[in-house]
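Peer 1: Let the sequences and hints guide you as you build the complete structure.
Number 230 in full-length UniProt numbering belongs to position 230 of the sequence shown; there are no gaps in the numbering.
Note that these hints are calculated values from the structure, not bench results.
Because the structure is a prediction, the values reported are computed rather than measured.
Keep in mind that the hints are not guaranteed to be accurate.
[Unchecked claim] Derived lysine to aspartate or glutamate pairs resembling EDC-like cross-links, with alpha carbons at most 20 Å apart: (1) 77 x 287; (2) 289 x 133; (3) 143 x 154; (4) 62 x 280; (5) 244 x 209.
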Amino acid sequence: MTTVSRVLNNRGAISQETRDKVFQAVKELNYFPNEMARSLSNKNSHLLGLIVPYIAHPFFSKLTDSIEQASYRAGYKLMLCTSGQDPQREMESFSMLCANNVAGVMICSRIEEAASYFKNDFPIVSIERTIPDIPSVSCDNYKGGALVAREMAESGCRRVLLFGNQVSEYLPSYLRYQGFLEECGRLGLDAGTYFIGAEDLFAEGLSDDIAAVFQGGPQPDGIFATSDVLAARLINCLGSVREKLRRLVVVGFDGIDLSDYCGISTVVQPIREMGSLAVDILLQRIEGKMVPDRSVLPVAFLRRNSSGPGASVIR
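Peer 2: Written out as structure tokens, the structure is:
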């Protein structure tokens, strides 16, 4: 029984031949281990929880995939919840995960009040969000924003625009905006902002927001779309506005596959590394070890067809 347990829990040095025999027996017996019963008997759950705002967003789907793989390598299963950025739903998800005896939770919260219902003595790791007394994992958002401003300058832009979701100061992505605008100031670029609601990202009404950007006044020659999804939608929705523009540089942020498919220059977040590190820190917390309050991973700029000297998304 000990050998079977070690195989099913992915622990210890077991030969491939033995593993094959155990899994064949499991298949023939149609056996499924009861995770709840196993965690109660061992007093050690091998379930981890993850709460993300949206699974449809490519950033969160890639992050989730990384977290699931890292959890599996460590011998844990992952329970996934989506909050839709709804405070009540997020709170219910957290309570449900705790009720299911997860060993710890990773959360990508976008809700300011989140800290009020987290238990400080429960193992939690926050991703891309700073919550008091809870370790966090994020990328270097400030540097990423500054890199975009420098790319705009190198591309010959003079009048640039930050186009993205309105975010609160408690989110690390706020530093993305701050880095861009402050670096634009240092470089002498005329920088403005245009904010949309989080719910507008996938909505048909986004084309109206994009059209409004180019209504009246001097037109921007460079736009920092604060995510790759937004950059792709921006380019796709230019429509009749194209005839008003001589040149337009567009840069995104995240480094998801979509930016590659669309030829969009972007700031690459180490998404898989962030997910893997979040799992590692959570497991250390579960074991009662000391962990850093904040872990900030480096970013890199990747130039494609939408930026650079002479580049333009207007064809």
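Peer 1: Could you work out which earlier hints the structure fails to respect and list their numbers in ascending sequence?
Peer 2: none
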